[in-house]
Amino acid sequence: MKLLTQTSIFEAMSKVLQKQQKLIDGIDVLMNIEYEDHDKTPKELVYQEDKMKLYRYISTTKPKTKIPTLVVYALMNRSYIMDIQRDKSFIKKLLDEGLDLYIVDWGYPTAEDRYITMEDYIEGYLGNAIDYIRKTHNLDKINIISKCQGGTFCTIYSALYPEKIKNLVTIAAPFDFSTDDGLLFKWAKDMNVDGLVDAYGIVPGTFLNSCFVSLKPYSLLVDKYIGLIDGLDDKNFLSDFLGMEKWLFDSPGQAGEAYRKYMKDLWQDNKLIKGEFTLGGKKVDLKNVTMPLLNVVGDKDNLIVPAASKPLNDAVGSKDKELVTYPVGHAGIVASSRSQKEIAPKVAKWLLDRSK
Amino acid sequence: MATNLNMFNQSIEAQKNMFEVWQKMFNPISEEILEKNSKDLMNYNPLNYFKEIIELGNKLNSNYMGDPYQVLKKMNESTDAYYSVFKIWQKLKEDTFEPTAEAMKVAFEEWREQYSEYMNKHYIPLLPEPMKKVLEQSMSVMESYRSATNKFWEPWIGNEKELSDAFFRGLLNDPSAYLEYLKLWKENYDNSFSKFLNTPMMGINRELLEKQFDSLDKYIRFNVHLNEYLANIYKLGQETMKKTLNDYAAMYKEGMQPKSFEEFYKYWTKEINNAFDRLFFSDDFSKLVGHTLDAMTSFKIEVDKLWEEYLTFMPIAKKSEMDSLYKTVYEMKKEIKSLRKELDEFKALKEVNSEKEKSKK
Chain A
824 MKLLTQTSIF
834 EAMSKVLQKQ
844 QKLIDGIDVL
854 MNIEYEDHDK
864 TPKELVYQED
874 KMKLYRYIST
884 TKPKTKIPTL
894 VVYALMNRSY
904 IMDIQRDKSF
914 IKKLLDEGLD
924 LYIVDWGYPT
934 AEDRYITMED
944 YIEGYLGNAI
954 DYIRKTHNLD
964 KINIISKCQG
974 GTFCTIYSAL
984 YPEKIKNLVT
994 IAAPFDFSTD
1004 DGLLFKWAKD
1014 MNVDGLVDAY
1024 GIVPGTFLNS
1034 CFVSLKPYSL
1044 LVDKYIGLID
1054 GLDDKNFLSD
1064 FLGMEKWLFD
1074 SPGQAGEAYR
1084 KYMKDLWQDN
1094 KLIKGEFTLG
1104 GKKVDLKNVT
1114 MPLLNVVGDK
1124 DNLIVPAASK
1134 PLNDAVGSKD
1144 KELVTYPVGH
1154 AGIVASSRSQ
1164 KEIAPKVAKW
1174 LLDRSK
Chain B
49 MATNLNMFNQ
59 SIEAQKNMFE
69 VWQKMFNPIS
79 EEILEKNSKD
89 LMNYNPLNYF
99 KEIIELGNKL
109 NSNYMGDPYQ
119 VLKKMNESTD
129 AYYSVFKIWQ
139 KLKEDTFEPT
149 AEAMKVAFEE
159 WREQYSEYMN
169 KHYIPLLPEP
179 MKKVLEQSMS
189 VMESYRSATN
199 KFWEPWIGNE
209 KELSDAFFRG
219 LLNDPSAYLE
229 YLKLWKENYD
239 NSFSKFLNTP
249 MMGINRELLE
259 KQFDSLDKYI
269 RFNVHLNEYL
279 ANIYKLGQET
289 MKKTLNDYAA
299 MYKEGMQPKS
309 FEEFYKYWTK
319 EINNAFDRLF
329 FSDDFSKLVG
339 HTLDAMTSFK
349 IEVDKLWEEY
359 LTFMPIAKKS
369 EMDSLYKTVY
379 EMKKEIKSLR
389 KELDEFKALK
399 EVNSEKEKSK
409 K
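First to last, the protein sequences are chains A and B.
Heads up: the first sequence begins at 824 in this note's numbering, then just goes up one per residue.
Heads up: the second sequence begins at 49 in this note's numbering, then just goes up one per residue.
Looking at chain A on its own, in the form it has when it is part of the complex (with noise of 0.2 Å):
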């Protein structure tokens, strides 16, 4: 018994400095790897209206369908994301896939910024660049693939005018906010969002990384890094660590006046699936939601839980809809090795289905 307890013990010393000496081997890599590795994908500047940009992607595949599909990401972090990593990238296959691309690029904005609404968001600048694909095109409707809160402002637009949209494709989006299951979701409701936008006007980047990080603090401050000692001596491992490090840290602020009605309109008050939602004077009601659907959620994603993602499908008019789940977490289910197999053809392939 003791021999064996004493061998356990050498053996764990043993690998805490194999572990030690991994972290002395791998500083010479950490400080010449290249990890900038995003936003590869060739584009052009197209339209621009104050900070928002819109891209047209230059695919090297021909497009297999007339119609375009905008991509709309979240305020809350850049859309690189689905542009990670050549063999990982979401924008890549969806192009190779036989789609013509543009993408929304919010921007970061600054105090100037502070007074822009939601209206301004989904009526304004998003409207605008669907209106700009529409005429360049010249075409009535275009499809959509949005994600995350990107997923709820196109459905918000969606609703609002159906007449323009084709196809819709929502991923990993928040429609109903009531649910518990995620720790966002739960914080949200005990928080004080005038107080949040008062004080900062521009609600700042970093208070919303720090709630991100809050979600798994052991996991997410401390077990990460330690996991990360096996993999220093691997190039290829550290560069898909420090890409995806950087966009998590990479987190634009909110402008004041959108995020308090996106928290309270919706994450507190859950008026968009209750059907009391307005925008503009308008009322948003789901129901008029009739175009084609395709819902995809990750099982595993405790950001934007299934629980909040999910109930879209039964609050739309649309006949034509689809929800799929993919055991995937909120990052993985547009940049990680399922997302390139699995996910980007499947929502390629439904949409060029319905694009004839």
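Source of the hints: derived by calculation from the structure; they are not laboratory data.
Model, not experiment: these values are computed from the prediction.
We treat Cβ as the ideally placed atom computed from N, Cα and C, and that holds for glycine.
A hint or two may mislead.
To be verified - Here are a few chain B residues that face chain A, going by a calculated C-beta distance under 7 Å:
#1 Y315
#2 T317
#3 N321
#4 A323
#5 L327
#6 F328
#7 S334
#8 K335
#9 D342
#10 T345
#11 I349
#12 K375
#13 Y378
#14 M380
Claimed, not checked - With a straight-line cut-off of 27 Å between C-alpha atoms, the simulated DSS-like cross-links for lysine-lysine are:
#15 B:K381 <-> A:K987
#16 B:K381 <-> A:K958
#17 A:K1012 <-> A:K1039
We have chain A; now place chain B onto it with these hints.
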């Protein structure tokens, strides 16, 4: 210290002293003095301290952006935490170690000291500089105000003993007692200092004094909430380790204990994550997060007002003035966009009409 029960004199003396101190601290500094002793004065001026706190919200959770150097630093910090868990496992694996209650207590105490150190070294440093200062200094603020309880109004004297006991028992060694202390502190504060700070002021500096006291009141409330938040995290860490050790003892008897350090670490990580989930998903904690955030933003709003008051005579635009300008620009831009849209529609209509005219001809 002998207890002085002359309440009236104490009360008058305390108010006088406090008033004088705060008057001195916040009086605008003359240019002469500034020139003469600018460096020292700036160091002394509490507004410098407030300035750092203002940055708090902007830098919440530090300026960490995940670049390689920062990642390396985090890895080093994390390995310390990892090592502290290893140390306790090593203790459990010592050949002479038997999981008796006494031995477990000793092992826990050793880990507790490391955990406190870990929290101080690695949790608090994750916070931005201003917040770190708030945390470090809030302890001394607490201590200062605890001392003041010996001299101040009746509500403090009523339970001063419990307060002192809870404070010294508590702090980081016994977070439950510390939470108890905070609760008492908050009640007493509401009944004494807070009332004093919110008393209507008189005289030519009335508005300025009210803003100063209001910001101080908000600052203290923010500290109390922040301390309560952190004490909960400390408490969680200690309770989890106690539970882990008890469970380990039970498993040891069955011969089912984790056999390697990796297993033990995995087991401990799972326990601490579950414990965080239990705490974070509780209604009380959610409310505490809300109150802490509310206290922070209320404080910031008050300090911003105070800053603007001080900057009134400076030749610079204030934030509220800039906000007003931003609002005007926003509304003008919106109007221009709307007019441009109308103009485009008119142009399109004109073109259609002109085409029609042409085809008629």
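So, going through the hints one by one against the coordinates:
The interface hint given for Y315 of chain B is broken, as the beta carbon of that residue sits about 13 Å from the closest beta carbon of chain A, more than 7 Å. At about 6 Å, the closest approach between the beta carbon of T317 of chain B and any beta carbon in chain A falls short of 7 Å, and the interface hint on this residue holds. Hint on N321 of chain B holds. Least Cβ distance to chain A is approximately 6 Å, under the 7 Å limit. At a threshold of 7 Å, the smallest CB-CB gap from A323 of chain B to chain A is about 9 Å, leaving the interface hint violated.
Interface restraint check for L327 of chain B: the shortest CB-CB distance to chain A comes to about 10 Å, outside 7 Å, so the restraint is violated. Below 7 Å, beta-carbon pairs count as interface contacts, and F328 of chain B has one with chain A at about 6 Å; its hint therefore holds. The criterion of a C-beta within 7 Å of any C-beta in chain A is met by S334 of chain B, whose closest approach is roughly 5 Å, and the hint holds. Interface restraint check: K335 of chain B against chain A, minimum CB-CB distance 5 Å, threshold 7 Å, status holds.
Look at D342 of chain B: its Cβ gets to within about 4 Å of chain A, closer than 7 Å, so that hint holds up. Evaluation of the T345 of chain B hint against chain A yields a held restraint, the C-beta minimum of about 4 Å falling below 7 Å. Satisfaction of the interface hint for I349 of chain B is found here, the shortest Cβ-Cβ separation to chain A being roughly 5 Å, below the 7 Å cut-off. With a cut of 7 Å, the hint placing K375 of chain B at the interface with chain A holds, because the nearest CB-to-CB distance is about 6 Å.
Given the 7 Å rule on beta carbons, the hint for Y378 of chain B holds: about 4 Å separates it from the nearest Cβ of chain A. For M380 of chain B, the interface hint is violated, since its Cβ never comes within 7 Å of a Cβ in chain A; the closest pair sits about 11 Å apart. For the hint pairing K381 of chain B with K987 of chain A, the CA-to-CA distance comes to about 26 Å; that is within 27 Å, so the pair holds. Proximity of K381 of chain B to K958 of chain A is assessed by CA-CA distance (about 23 Å); at most 27 Å being required, the pair is judged to hold.
Distance check on the hinted pair: K1012 of chain A and K1039 of chain A sit about 19 Å apart at the alpha-carbon level, within 27 Å; holds.
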